[in-house]
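Q: Residue-level listing of the chains:
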Amino acid sequence: MGRDWNAMDEGAFRAELRDFIARNCPDELRHVRLRMPPGTTMPWYRALWKSGMIAPGWPEDLGGMALTPERHLVYIEEMEAAGTPWLHDSGVRNLGPALIAYGTEPQKTEYLPKIAAGEQIWCQGYSEPGAGSDLASLRCAGRIEGERMTINGQKIWTTSAHHASHCFCLVRTSSDGPKQHGITFVLVDMQTPGITVRPIRNLGGEDDFCEVFFDDVTVGTDCILGGRDDGWKVARSLLGFERIWAGSPRRAMKALGELEAVVEAAGLEDDGLWQDRLVQAEFDTLDGQDLYRRFADLVSTEGQIGTEVSGLKIFATESFQKIAEWTLEAAGQGGVMDVTPTPGRPAPAFTWFESRAPAIFSGANEIHRNILARRVLGLGREGSK
Amino acid sequence: MSMLDGDMARMLADSVAAYTRGPASIDPVVEMHDQGWLQCALPEDIGGLGFGPDAAAIIAGGLARSCRAEPVSATYLAARLLALVAPGSAAARELGEEGRTVGLIHHGGVKVQAARLTGTAGHVPPAQTYLVVAEGALFALPAATIKTLASRRVDGVTLEVATFANTEAERIAEGAVLEAALRQALAETRLVIAAELMAHVDVMLDLTLEHLRTRQQFGQSLGHFQALQHKAVDLYGQTLVSRAVLDAAIARAAEGMAPDDLDRTAYRARARLNDTAMATAKGAIQMFGALGITEESPLAPHIKRVLAMVPWLGTSVELRRQYARLGRVLTRSTAAKDTAA
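These protein sequence lines are chains A and B, in that order. According to the working numbering, the first sequence holds residues 1 to 385 in order. According to the working numbering, the second sequence holds residues 1 to 341 in order.
Isolated chain B (complex conformation) (with noise of 0.2 Å):
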């Protein structure tokens, strides 16, 4: 995996910008293949760009400004895996070299009997191909031979639910180097994740500040009023303490972590991306007033994505959760070691 400099860093953002000032596209998956950006976390022998949670940050941040990165943080998910422990897999592979998406299932009760599973996991993003972690191991299989039920989540998005009876599949990596392997790739998913909530964050409060300049009641414009004012300043001030958040841990993940370290960076900036995302789209439907409720609202889709990403992989009191029991960093304790040492 490589770091991104800042001249390769602005080129992939402005590529991504340009990408969203065109059409709607028929077949994102194929575009988002034809840039590389679906698979930027495989290596590039195999068609991938060899990039980290950096790049695919640019380009989840990028493509949610206008409301279009799925499937890029699900992907990026399943393709880090593959690239951390079966980069030479069929799986990997086609999604590097043709395209065909991968989605993670690294939750719910799949069991394996004789390399076949059996079980049912929901929750489970489209894909041609699904990876199962199930018992220690890694399985993978065409999407094709499970049976799945559809419905779709508040962005629109449709979400299988997958059911195995004794299906055939192929084992592809197990053990301690899957176990920290999907470890890593769940963390730096969480940091992609939060990019995605920020570029959310930061076009509903742009949205939110021009209908304030605009907008005018009692004759003169909602700007002048102070409490919206403070209430405008009071986003504006949990974008500010998110996007150093974000900018930071982003950072100090792409040049590498010890496990816990990247656990505790992945927690901290999404819960508070989390936080910010969630009273970003509350404060901003609340300045709107009644077109803040409705559909055709430009906040709409937005608000709906934010919805959407929040519970997954961790909403603000889970992550905490889990941040407890790693450990806290703050602590009296290593205050007094430190002191001592």
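If we strip away everything but chain A, and leave its shape as in the complex, we get (with noise of 0.2 Å):
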């Protein structure tokens, strides 16, 4: 049986977590910005493994850390400083909470103890070319015959799906009714025939989201999670976790590190537009923290994530951009050469074009608006004359 790990005294976490990164993460895996393939991560992540420390939200009996939220972003705070690399960890994040809640006891065992053991790489197929904001108009067909289910058509912006064993997917198993019914969520292994997979390589220099195509890809309708026609609920409950983590203030405190390096190599740390710019960096840090800390206690308190959690992801997702804008900008010429990063030097256009993404992925930021328009402060819904 597991360790209590949130009766620990907060210190004595973070010590313990100090110490095992340092015995157990190699150095050169440390403070890598680029993606490194699975290959070469695994190592670190089966240590994690092996130590029952791969799944900070899990609850204990199925291998994880059972973290409340606000243990959990320690947890993260204390990766993050330490520079542990960028894992294949889809299974672990996403679909585990989805398995846990709405798997069958076969599923369960099935899959949660090869992801947490790095067996399986999963990748999440949901973007199509015709459905991206419009998740729900998504048109992958998933034809249901007996005990299987044959699947045709395309799924797009597909993270690590050339390095992943197995993809969880949206397909659309009925046209009867609202567009977010008829929708199943079905666990695919990419070995299946009929799956090809073409990397997209994005403005940072990085191949790591594809395109997947599926030709008459058949699997078990025993692959089918949280039942036939009925997978939009499954989706929207991991979008609220996705949500949370791409509320987490951990990219806008790594951006504020690269700000002050970048700042003082360019000797504007006495200038006063400068050391106001960094004091305001931190300023959204630190209240993206406050932000982010309130949404974990009603976690933790209430056990679901309100329709608010989307201010939560669009003030961090977009104070790491203000952070990354000014980044580039106190860099000057200097910041747009040698674009890809190398470990312990900032890289100002890597970070500008990485703080693109994250308030477009997971809902893009305006879907967030519109959403808080409408169920949050109840605008538009009103009859019209």
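Warning: the hint list may mix true and false statements.
So the derived label-pair ranges between C-beta atoms look like this [to be verified]:
| hint | chain 1 | residue 1 | chain 2 | residue 2 | range |
| --- | --- | --- | --- | --- | --- |
| 1 | B | G6 | A | T104 | 41 to 47 Å |
| 2 | B | G22 | A | I360 | 48 to 54 Å |
| 3 | A | L203 | B | S151 | 55 to 61 Å |
| 4 | A | G267 | B | S151 | 42 to 48 Å |
| 5 | B | L291 | A | A15 | 57 to 63 Å |
| 6 | B | A290 | A | L34 | 52 to 58 Å |
The list that follows gives simulated cross-link-like pairs (lysine-lysine, DSS-like), each with its CA atoms no further than 25 Å apart [unchecked claim]:
| hint | chain 1 | residue 1 | chain 2 | residue 2 |
| --- | --- | --- | --- | --- |
| 7 | A | K114 | A | K50 |
| 8 | A | K322 | B | K231 |
| 9 | A | K322 | B | K282 |
| 10 | A | K233 | A | K179 |
| 11 | B | K111 | B | K231 |
| 12 | B | K282 | B | K231 |
Because the hints were derived from the structure by calculation, they are not lab data. In this text, a Cβ means the ideal position worked out from N, Cα and C, and glycines have one as well.
Build the complex: two chains, separate frames, hints provided.
A: Given below as structure tokens:
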């Protein structure tokens, strides 16, 4: 049985994490900004798994740390501060909570241990060329006959599909009723015949997101999570967790460190404008932390995430963008040379590119503004004259 | 000073809310004294409530919803200082027991010679007793003994220019104790002002949302237009952040903090609330349209009060400058130290 990480004093928890990272995360994996392939990072992933520390948010009996959201933030802070690498842990972060909430016992037994052990790497097949912000318009088709489902269609912006062993997808299994109905959440082995993956290069020079083509890909109906035609509710529950994650202040905090380094390197540390911007960036980061903690507390006490969490996502992603813009400005011409980052050195253009994505994925910020306007502020719902 | 628990906080908030639902009073200072709100920072044995910034924030915030918070914040500043350095003084007793208002003059060039004050100070809140910080000491004197020149601030509050001409005053505190207490009282008062600003923000946003839901143009409510929806959401987002920052800051301040940390917390919370209040005032006016720039708009008293409060004890730029002087906390050097530790 695991340990009660939440009962530990925060200082002791931090100290233990630092010690663990120092002993288990090799230096050559630290502070690397480019996403490394799973083969490179897997020793670190496995070390976390073996110590029961790979899944901070999962319950203890399923191999997780059962951290409170507040403690989870501490975990993230320590991992970020030590420069531990980005992991192919979408299975842990995204699929895991959905499996725990909606999975059958055989599904949980089949998938959760393998996800935790790093034996399965999952990618998320949601967006399509014709269904981005309007995700419910997706058309990738799942035709069910008896115990089999045959999938035909295309997914896009699928992060790390070329490294993934499995993909959790939304497919259309019925076109009756509202478009949110008739969507099914399905778990697909990427080795299944008929799947083609094509990486797409982004502005920062990485080719981490992909197009995925499905041509007569056949899986068993036991791969359906949460019931036939009922996948939208699974996807939505998962988005809640993703938005908390997207709303953590970790990106702004990291960007603030880079801004400070660039301001110093440019000899601007005594300049009033840049001193003021550094304080503004620190205020945004700390204020974002206060906001994140408020939502994290709400999740702890009420067990669910309200629609208001969209406000957290907007604030965190736009704070990150502001800091990244200032960093690029402080760096001047030097900031656009050698875009590919090297460990321990600022990479303002790379950060600027990197800062654009979070405001688009997990629902573009404009979509979140629409959600808040209608569902929280009650605008645009009154009868028209 | 005692921290409020949840029940006491709710009771206090309820009684303030009940008061603001009543008719505007002829003499609010007398009523606020009867309730104990005016002197809440003073010890109980001289008629106070022995409360700190958490209680004052509830009082100021609750009263601000109907623009009736004057002179809670200004009196808190003076009363908190008295509670910390001179709880036995006549000024403290008279405020606690009789409701004689006290105003603090902590800026400007007042000189001291043989317990007599000379000089001029502006932006002085009207009060019956003045406390003056000059040359490292705190003096008390009846307001009636000095010459004042009144002028009206944008929110209708009268502020004085006080002229001291070899005026006799009682020295009631001095030295490092005074310096530390003044610093603490100023930081806490910044948070109380922030709470007041939060209340104005809430009211202005509610009024604006109501307007967007009901005002019809082009055959539909304004709330149907996405451009206005997004403007409103941006204000709402700022209120979310502001409330999270304010609540966390007040909770930490009420528990007690090291002086540097208290200052940092207060600078940051005030800067956030200043910015949100100004953004909400501007956004509300724009979304109300021409109605927003009229004197009779329901927004008007809140907008004027926000304009009056924002520069008091620090505009955002000034607060950030002071924070920078104190030293940032999320620096690479502290991160390196933490990692090494």
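Q: Under the constraints set out in the numbered hints, which ones does this structure not fulfil?
A: The structure breaks only hint 11.
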